[in-house]
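Protein chains in written order, with our numbering: chain E, 1 to 389; chain G, 1 to 389; chain S, 1 to 144; chain U, 1 to 144.
Hints listed in this document are in silico derivations from the structure and should not be mistaken for laboratory results.
Heads up, the beta-carbon is just placed ideally off N, CA and C, and yes, glycines get one too.
Take the hints with a grain of salt, since some may be wrong.
To give a feel for the contact side, a few chain U residues facing chain G, derived at Cβ under 10 Å [what the hints assert, rightly or not]:
| no. | residue |
| --- | --- |
| 1 | Ile6 |
| 2 | Asp7 |
| 3 | Asn8 |
| 4 | Phe10 |
| 5 | Phe18 |
| 6 | Thr19 |
| 7 | Asn25 |
| 8 | Ile28 |
| 9 | Leu31 |
| 10 | Gly34 |
| 11 | Arg52 |
| 12 | Cys56 |
| 13 | Trp65 |
| 14 | Leu66 |
One-sided excerpt, in silico: chain E residues whose CB lies under 10 Å from chain S [as the list claims (entries may be wrong)]:
| no. | residue |
| --- | --- |
| 15 | Ser31 |
| 16 | Gln58 |
| 17 | Lys197 |
| 18 | Thr199 |
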Amino acid sequence: MGKVGIIGVGQSRFVRSFRGSIRELAFEAFSEAMQDAALSTKDINASIICSAPEYDKQRSPSAVLAEYFGLNPQPTCYVESLCSSGTTGIRLAYSLVQSGLHDVVLVAGFQKMSEITSAESQERMGRGADIQWEAPFGTMMPAYYALHAQAHMTRYGTTLYDLAQIRIKSAHYGAQNDKAMIRQTLTMDAFVNPESKFTNPIASPLRMGDCCANADGASCVIVANEEKAKAFSRKPIWILGLGSATASVNMAGRNDFSGLAAAVEAGKQAYHMARVEPKDIDVAEVHDCFTIAELMAYENLGFAKPGEGAALIRAKETYAEGIIPVNVDGGLLSKGHPIGATGGSQVRTIVLQLRGEAGAAQVEDASIGLVHNIGGVGIYANVMILGRE
Amino acid sequence: MGKVGIIGVGQSRFVRSFRGSIRELAFEAFSEAMQDAALSTKDINASIICSAPEYDKQRSPSAVLAEYFGLNPQPTCYVESLCSSGTTGIRLAYSLVQSGLHDVVLVAGFQKMSEITSAESQERMGRGADIQWEAPFGTMMPAYYALHAQAHMTRYGTTLYDLAQIRIKSAHYGAQNDKAMIRQTLTMDAFVNPESKFTNPIASPLRMGDCCANADGASCVIVANEEKAKAFSRKPIWILGLGSATASVNMAGRNDFSGLAAAVEAGKQAYHMARVEPKDIDVAEVHDCFTIAELMAYENLGFAKPGEGAALIRAKETYAEGIIPVNVDGGLLSKGHPIGATGGSQVRTIVLQLRGEAGAAQVEDASIGLVHNIGGVGIYANVMILGRE
Amino acid sequence: MGEKEIDNRFSRFGTVSFTSITKVNDFINYLEQGKIMGTRCKTCGERFFPPRADCCKSLDGNMEWLEVTGYGILQTFSTLYYAPAGFETDLPYTIAVVDFGSCKVFGQLDPAIDAKSLQIGMKLKIAVHKLNEKQLIYRFQEVQ
Amino acid sequence: MGEKEIDNRFSRFGTVSFTSITKVNDFINYLEQGKIMGTRCKTCGERFFPPRADCCKSLDGNMEWLEVTGYGILQTFSTLYYAPAGFETDLPYTIAVVDFGSCKVFGQLDPAIDAKSLQIGMKLKIAVHKLNEKQLIYRFQEVQ
Ligand SMILES: [Zn+2]
Ligand SMILES: [Zn+2]
Numbered sequence: 001m002g003k004v005g006i007i008g009v010g011q012s013r014f015v016r017s018f019r020g021s022i023r024e025l026a027f028e029a030f031s032e033a034m035q036d037a038a039l040s041t042k043d044i045n046a047s048i049i050c051s052a053p054e055y056d057k058q059r060s061p062s063a064v065l066a067e068y069f070g071l072n073p074q075p076t077c078y079v080e081s082l083c084s085s086g087t088t089g090i091r092l093a094y095s096l097v098q099s100g101l102h103d104v105v106l107v108a109g110f111q112k113m114s115e116i117t118s119a120e121s122q123e124r125m126g127r128g129a130d131i132q133w134e135a136p137f138g139t140m141m142p143a144y145y146a147l148h149a150q151a152h153m154t155r156y157g158t159t160l161y162d163l164a165q166i167r168i169k170s171a172h173y174g175a176q177n178d179k180a181m182i183r184q185t186l187t188m189d190a191f192v193n194p195e196s197k198f199t200n201p202i203a204s205p206l207r208m209g210d211c212c213a214n215a216d217g218a219s220c221v222i223v224a225n226e227e228k229a230k231a232f233s234r235k236p237i238w239i240l241g242l243g244s245a246t247a248s249v250n251m252a253g254r255n256d257f258s259g260l261a262a263a264v265e266a267g268k269q270a271y272h273m274a275r276v277e278p279k280d281i282d283v284a285e286v287h288d289c290f291t292i293a294e295l296m297a298y299e300n301l302g303f304a305k306p307g308e309g310a311a312l313i314r315a316k317e318t319y320a321e322g323i324i325p326v327n328v329d330g331g332l333l334s335k336g337h338p339i340g341a342t343g344g345s346q347v348r349t350i351v352l353q354l355r356g357e358a359g360a361a362q363v364e365d366a367s368i369g370l371v372h373n374i375g376g377v378g379i380y381a382n383v384m385i386l387g388r389e
Numbered sequence: 001m002g003k004v005g006i007i008g009v010g011q012s013r014f015v016r017s018f019r020g021s022i023r024e025l026a027f028e029a030f031s032e033a034m035q036d037a038a039l040s041t042k043d044i045n046a047s048i049i050c051s052a053p054e055y056d057k058q059r060s061p062s063a064v065l066a067e068y069f070g071l072n073p074q075p076t077c078y079v080e081s082l083c084s085s086g087t088t089g090i091r092l093a094y095s096l097v098q099s100g101l102h103d104v105v106l107v108a109g110f111q112k113m114s115e116i117t118s119a120e121s122q123e124r125m126g127r128g129a130d131i132q133w134e135a136p137f138g139t140m141m142p143a144y145y146a147l148h149a150q151a152h153m154t155r156y157g158t159t160l161y162d163l164a165q166i167r168i169k170s171a172h173y174g175a176q177n178d179k180a181m182i183r184q185t186l187t188m189d190a191f192v193n194p195e196s197k198f199t200n201p202i203a204s205p206l207r208m209g210d211c212c213a214n215a216d217g218a219s220c221v222i223v224a225n226e227e228k229a230k231a232f233s234r235k236p237i238w239i240l241g242l243g244s245a246t247a248s249v250n251m252a253g254r255n256d257f258s259g260l261a262a263a264v265e266a267g268k269q270a271y272h273m274a275r276v277e278p279k280d281i282d283v284a285e286v287h288d289c290f291t292i293a294e295l296m297a298y299e300n301l302g303f304a305k306p307g308e309g310a311a312l313i314r315a316k317e318t319y320a321e322g323i324i325p326v327n328v329d330g331g332l333l334s335k336g337h338p339i340g341a342t343g344g345s346q347v348r349t350i351v352l353q354l355r356g357e358a359g360a361a362q363v364e365d366a367s368i369g370l371v372h373n374i375g376g377v378g379i380y381a382n383v384m385i386l387g388r389e
Numbered sequence: 001m002g003e004k005e006i007d008n009r010f011s012r013f014g015t016v017s018f019t020s021i022t023k024v025n026d027f028i029n030y031l032e033q034g035k036i037m038g039t040r041c042k043t044c045g046e047r048f049f050p051p052r053a054d055c056c057k058s059l060d061g062n063m064e065w066l067e068v069t070g071y072g073i074l075q076t077f078s079t080l081y082y083a084p085a086g087f088e089t090d091l092p093y094t095i096a097v098v099d100f101g102s103c104k105v106f107g108q109l110d111p112a113i114d115a116k117s118l119q120i121g122m123k124l125k126i127a128v129h130k131l132n133e134k135q136l137i138y139r140f141q142e143v144q
Numbered sequence: 001m002g003e004k005e006i007d008n009r010f011s012r013f014g015t016v017s018f019t020s021i022t023k024v025n026d027f028i029n030y031l032e033q034g035k036i037m038g039t040r041c042k043t044c045g046e047r048f049f050p051p052r053a054d055c056c057k058s059l060d061g062n063m064e065w066l067e068v069t070g071y072g073i074l075q076t077f078s079t080l081y082y083a084p085a086g087f088e089t090d091l092p093y094t095i096a097v098v099d100f101g102s103c104k105v106f107g108q109l110d111p112a113i114d115a116k117s118l119q120i121g122m123k124l125k126i127a128v129h130k131l132n133e134k135q136l137i138y139r140f141q142e143v144q
């Protein structure tokens with residue numbers, strides 16, 4: 001089989017509250033990706049639309065977006081795996097291209113939570129877990145990650161100070177990213193000063209500074225087979241490895257809370273398919289919806305041994321100059337987390353890095369990159385490895 | 001590339017109101033398909049879950065179902081294209097297998113609308129169309145198909161009598177299908193007697209007898225690559241052709257209302273890929289959410305020329321003994337229409353027909369079959385051609 | 001286009017609007033002036049109805065407003081006897097597609113038109129209708 | 001399992017239940033009797049908590065009920081300071097996972113336990129708690 005390449009990427013600015021409809025929001029990413037790839041709508045053979053469900057009012061948004069993008073009569077559909085919807089869409093686009101059904105497939109992810117009321121969004125969050133066995137206890141995403149943080153701290157001695165270091169790195173790079181929602185740098189003072197909002201408890205041991213914020217945003221990634229990728233693009237970035245796995249929705253079905261088993265499994269698959277090892281990765285985007293999520297990713301992806309993730313951030317080895325730069329675009333913690341757009345934004349960052357177009361945060365001579373995108377608390381996990389060659 | 005086969009099919013009974021949760025409903029179809037294929041959960045490499053959005057309370061149902069099916073840590077995701085979600089899932093399963101990412105992929109579709117209130121379902125139906133430009137006028141699915149019925153009648157002289165003949169055929173076969181929701185035969189009296197509920201106006205010119213009913217139900221289809229299909233199955237049924245297309249959500253974007261342009265386009269693609277013609281089809285399942293939908297399908301798929309669909313049903317040529325048997329399992333009009341389960345149920349019927357296991361409605365020596373599954377009023381269209389060889 | 005802090009003008013469109021924020025919110029102001037407006041791409045000349053803020057051909061948002069005027073031809077129609085939530089008291093009402101040449105328009109018919117008199121191919125015009133002090137809509141009307 | 005026309009017993013589970021109809025509705029009756037029950041597949045012997053009506057190994061629904069008893073070990077926990085809709089007045093509250101050997105159980109902690117005294121690895125027991133005349137839940141309690 002031939003290779004599959006990424007030939008265009010686009011992203012809207014991530015903002016608290018977008019001043020337009022979902023189709024207008026998604027168009028910002030769509031038009032940027034189409035211009036990046038220098039394509040017109042007739043070059044797109046199919047589209048896939050990704051978002052988390054019920055955070056806006058339009059049912060079956062894929063048809064509405066495809067029409068607004070001018071992509072009729074090409075097929076489209078909606079794909080969802082919570083916060084990992086974007087990379088699930090790209091995985092399916094890879095398979096549509098590699099199977100021979102299509103030459104060029106466009107994947108657009110979006111989220112616009114700002115148009116539903118706060119009460120509506122609280123109600124929907126309550127239905128993100130297993131509604132039969134866990135929602136009746138009053139669960140929320142921060143609490144699920146907090147269960148894992150508690151276990152990691154107890155088992156390995158990880159501290160709130162370690163977690164704060166991850167947020168400080170995020171803020172450093174978020175300040176350089178003109179598409180990020182939060183662009184202010186932070187110092188440790190924000191995490192030790194009891195007056196600071198970042199120390200407000202959310203779900204113990206996690207505090208406000210450990211949590212990402214909702215955002216409105218959109219992303220777009222265009223995938224093509226080898227022939228089209230070479231014809232359309234000067235610098236196609238190739239999909240070298242794909243891994244995808246799940247874990248039980250119910251916490252009662254899990255054996256260990258100090259890591260995400262689905263991320264470990266997805267990572268293994270991706271490394272195997274790409275025939276590379278963790279040490280070969282030059283730059284990574286990991287799913288840092290919470291600081292503990294990034295720390296677990298270091299260990300689950302093999303950048304550090306289990307329990308040694310804290311040492312990696314303490315030594316600043318995940319900064320752009322370190323041995324394994326992670327989230328040097330600011331990550332979800334600074335960019336914001338427009339759920340369906342998140343995976344595509346991560347892939348965009350790695351594509352720009354591998355092309356050498358990442359600006360201030362460019363990692364020198366990056367040739368192999370990794371994307372780690374998680375849905376729920378490791379319910380879904382996608383790992384993707386991209387390369388210049 | 002090798003072939004891709006269907007090695008297991010299952011379906012729950014379609015009922016007005018299922019007495020269990022969505023996971024328990026989906027399990028009925030899952031266990032039947034797994035037993036049909038004689039597989040255990042370790043043989044399934046990935047799953048795809050299909051339903052129409054917001055008709056039940058569980059957000060991100062794919063993870064909940066995969067866990068209940070015992071399919072962790074294999075990947076899963078949710079796929080949606082309204083009423084054609086099931087065949088969109090199967091199309092993606094084909095691509096996952098053909099791309100080499102997986103050997104065996106399970107596709108489960110379900111719908112359980114009975115647990116939300118009638119007011120909630122009315123509200124959701126109002127958000128199925130374009131919420132910006134059409135929902136403010138008070139649109140519903142019967143009215144969208146009625147716009148097409150009106151245009152077909154005016155252009156070609158099609159009558160309510162012709163449409164009633166389609167429902168009578170449906171009732172004839174529904175009575176033989178022990179998984180159908182509506183199992184009573186009908187005569188023309190039900191459509192001429194003003195006392196009959198079937199003559200109640202819904203959206204002119206369509207009457208109650210022209211409309212299918214909501215149902216709770218689930219279906220399951222297991223797809224495998226050629227090697228696994230031959231290893232696991234005595235009678236694999238091969239996917240010979242796949243077509244998929246879209247049309248504008250907004251009626252203002254359409255040129256013709258006497259047919260569904262997306263169905264024509266999807267049909268062309270499927271015939272081309274399978275290298276067969278309409279006359280080669282031995283048995284077909286078409287998306288008869290309304291009688292006019294089946295009539296348009298005859299024409300859009302090339303079983304009749306444009307305007308000659310009525311003649312086909314008048315001559316009873318779409319009965320099992322006719323030149324092109326259509327919906328000889330009772331179709332949506334008699335089985336009921338549990339949206340996400342519908343496409344898988346159609347595929348199951350054709351697989352049983354091609355295996356020679358269709359019971360009373362068996363079409364003699366059927367070797368090539370077709371499935372036509374539509375989302376919205378031709379917003380999405382999937383056509384699939386299956387064969388014994 | 002709008003300048004207020006939260007510009008939710010579009011919530012005023014139709015009997016029930018699920019959309020409140022859009023880059024084409026000015027559509028509502030035109031309705032208030034009795035005008036039904038589409039947009040045209042200044043880059044490539046493509047006309048859009050419903051109006052859009054973005055052109056999928058030019059991949060930009062360089063749009064101007066353009067009024068839907070004159071007479072249209074009825075393409076198809078249906079009278080509803082069941083309705084989604086919020087429209088129950090309007091029943092029965094008739095929806096239709098009308099072709100104005102440069103664009104087609106989807107909407108409701110003026111309830112004053114006898115549904116029995118409707119024929120595909122007949123001429124209709126379009127006009128703004130105030131549903132109440134807040135909500136605005138457009139309807140197709142008979143040509144005298 | 002249930003015999004009533006519409007058996008919506010499961011709507012009684014927890015502070016807010018989005019599920020009302022399930023084949024394991026008898027779980028609620030056991031809660032009323034003070035018992036927290038899982039299921040076991042009579043075909044293959046597999047134990048399930050939460051209880052299931054169907055066995056994914058045997059592909060059938062040949063289940064029997066089995067009580068969760070004895071002491072469990074705290075696996076992990078978190079105290080929430082923000083809550084989804086319906087739980088606002090319960091704040092703060094603590095959720096936890098406890099391992100009972102033959103199964104693990106997710107739930108809330110008895111608010112009488114001082115969250116500061118919690119340690120992963122400590123022993124806890126489980127008991128039914130009536131939230132009000134209708135709603136039932138289970139909670140983890142201190143072992144004296
Ligand atoms: Zn233009
Ligand atoms: Zn068993």
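Hint check results:
no.: 1; hint: Ile6; result: holds (8 Å)
no.: 2; hint: Asp7; result: holds (7 Å)
no.: 3; hint: Asn8; result: holds (9 Å)
no.: 4; hint: Phe10; result: holds (8 Å)
no.: 5; hint: Phe18; result: holds (4 Å)
no.: 6; hint: Thr19; result: holds (6 Å)
no.: 7; hint: Asn25; result: holds (9 Å)
no.: 8; hint: Ile28; result: violated (13 Å)
no.: 9; hint: Leu31; result: violated (17 Å)
no.: 10; hint: Gly34; result: violated (24 Å)
no.: 11; hint: Arg52; result: holds (7 Å)
no.: 12; hint: Cys56; result: holds (3 Å)
no.: 13; hint: Trp65; result: violated (16 Å)
no.: 14; hint: Leu66; result: violated (19 Å)
no.: 15; hint: Ser31; result: holds (4 Å)
no.: 16; hint: Gln58; result: holds (8 Å)
no.: 17; hint: Lys197; result: violated (23 Å)
no.: 18; hint: Thr199; result: violated (30 Å)
This entry does not satisfy hints 8, 9, 10, 13, 14, 17, 18, going by the numbered hints stated previously.
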